[in-house]
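Novice: Sequence:
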Amino acid sequence: MRLKDKVAIVVGAGQSPGEGVGNGRATALTFAREGAKVLCVDYNLGSAEETVDMIKKSQGTAHAIKADVTKESDIKAFVDDVMKRWGRIDILHNNVGVSIAGGDAELLSLTEEAFDRCVAINLKSCILACKHVIPIMRAQKSGAIVNISSNAVISTYPYVAYKTTKAAMVSFTEQLAYQNAEYGIRANVILPGLMNTPMAVDTRAREFNKPRAQVEAERDAKVPLRRKMGTGWDVANAALFLASDEASFVTGVTLPVDGGAGVIRGG
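Heads up: the sequence shown begins at 11 in the working numbering, then just goes up one per residue.
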């Protein structure tokens with residue numbers, strides 16, 4: 011019960027269609043298992059409700075809410091909801107992100123529409139969620155924010171919008187950390203590497219018209235540690251540490267969860 015009596019918001023608590031568990035769902039389940047009340051936010055309400063059902067089956071406490079996190083009004087609405095429902099916000103976990111599914115591409119093929127879409131989903135959503143949560147955490151004199159960026163920041167990732175927005179998230183998290191430390195608020199960012207999640211693997215299988223097993227094998231081969239991708243649970247466990255009081259002296263940190271890929275900068 012490392013998060014006993016805590017209230018958490020997990021933005022992106024549903025997941026894309028496909029095999030396995032996504033980072034957001036795994037994190038929501040992990041936070042609830044460790045005692046937190048969890049607001050599961052997702053554009054796909056049905057998927058968020060599936061996450062809530064899983065939590066409740068394990069006697070956890072959770073509620074699902076639909077939100078388009080590119081709209082500030084929707085973000086304000088779910089922050090207001092959690093305050094009316096549970097009266098505080100201890101943890102904000104920003105997990106939303108899109109690349110190929112948002113139309114991201116290499117520079118010469120990138121459209122303005124795809125770029126704007128990826129910026130709004132990946133970066134704007136995170137900044138605006140923090141904008142509405144920070145005043146509450148400042149009043150509490152406590153809080154933990156965990157942002158999910160990507161190992162794409164430090165690797166030779168080919169698609170422009172995802173790499174640049176996820177790099178910006180790292181800088182934004184550092185700014186959050188130093189501007190809010192005096193209020194007892196911590197902010198840290200995780201860089202997941204090659205993960206075996208529906209968004210990462212099944213989306214690529216569909217987009218590139220390849221069997222899922224082929225995409226999985228190609229990605230596994232690129233991971234230094236055991237030649238095996240990580241899972242959503244690896245990200246969730248890192249997020250649990252950063253959100254918990256065990257990390258009470260940890261802020262402004264960028265934590266790769268990538269099976270060693272980050273030390274091979276051309277990986």
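Simulated from the structure, these hints should not be mistaken for lab results.
Check before you lean on any hint, since a few could be wrong.
Below are the DSSO-like pairs computed for lysine-lysine, each with C-alpha atoms no more than 30 Å apart in a straight line [to be verified]: (1) K81 <-> K94; (2) K14 <-> K151; (3) K151 <-> K141; (4) K76 <-> K66; (5) K238 <-> K220; (6) K151 <-> K86; (7) K76 <-> K94; (8) K67 <-> K86; (9) K141 <-> K67; (10) K141 <-> K238; (11) K86 <-> K134; (12) K134 <-> K173; (13) K134 <-> K94; (14) K151 <-> K238; (15) K76 <-> K151; (16) K173 <-> K151; (17) K76 <-> K14; (18) K151 <-> K134; (19) K94 <-> K66; (20) K220 <-> K232; (21) K141 <-> K14; (22) K141 <-> K232; (23) K232 <-> K173; (24) K141 <-> K86; (25) K141 <-> K220; (26) K76 <-> K173; (27) K66 <-> K81; (28) K151 <-> K232.
Beta-carbon label-pair distances, calculated as ranges [stated by the list, open to error]: (29) L117 <-> A87: 18 to 24 Å; (30) R98 <-> Q69: 36 to 42 Å; (31) L118 <-> M11: 49 to 55 Å; (32) G45 <-> K141: 38 to 44 Å.
Cβ coordinates follow ideal geometry from the N, Cα and C atoms, glycine included.
Novice: Given the hinted pair K238 and K220, is their alpha-carbon gap at most 30 Å?
Specialist: holds (19 Å)
Novice: K86 and K134 were given as a pair; does the straight-line alpha-carbon distance stay at or below 30 Å?
Specialist: Holds. K86 to K134 sits at ~14 Å (cutoff 30 Å).
Novice: Quick one, are K220 and K232 close enough, alpha carbons at most 30 Å?
Specialist: Status holds; Cα separation ~18 Å.
Novice: Would you check the hint for K151 and K141, treating anything up to 30 Å between C-alpha atoms as holding?
Specialist: With Cα atoms ~16 Å apart, K151 and K141 stay inside 30 Å; holds.
Novice: Given the hint that K76 pairs with K14, does the C-alpha gap stay at or below 30 Å?
Specialist: holds (25 Å)
Novice: Sort out whether K238 lies within 30 Å of K151, counting only the CA atoms.
Specialist: violated (41 Å)
Novice: Given the hinted pair K67 and K86, is their Cα-Cα distance within 30 Å?
Specialist: Roughly 29 Å between the alpha carbons, so the hint for K67 and K86 holds.
Novice: Quick one: are L118 and M11 within 49 to 55 Å, going by C-beta?
Specialist: Once the Cβ atoms are compared, 52 Å apart, the range 49 to 55 Å for M11 and L118 holds.
Novice: With a cut-off of 30 Å on the C-alpha distance, tell me whether K151 and K86 pass.
Specialist: holds (20 Å)
Novice: Given the hinted pair K141 and K14, is their alpha-carbon gap at most 30 Å?
Specialist: holds (25 Å)
Novice: Has the given pair, K141 with K238, been kept, meaning a C-alpha gap of at most 30 Å?
Specialist: violated (37 Å)
Novice: Given the hinted pair K151 and K134, is their Cα-Cα distance within 30 Å?
Specialist: holds (25 Å)
The earlier numbered hints that this structure contradicts are 9, 10, 14, 16, 22, 25, 28, 29, 30 and 32.
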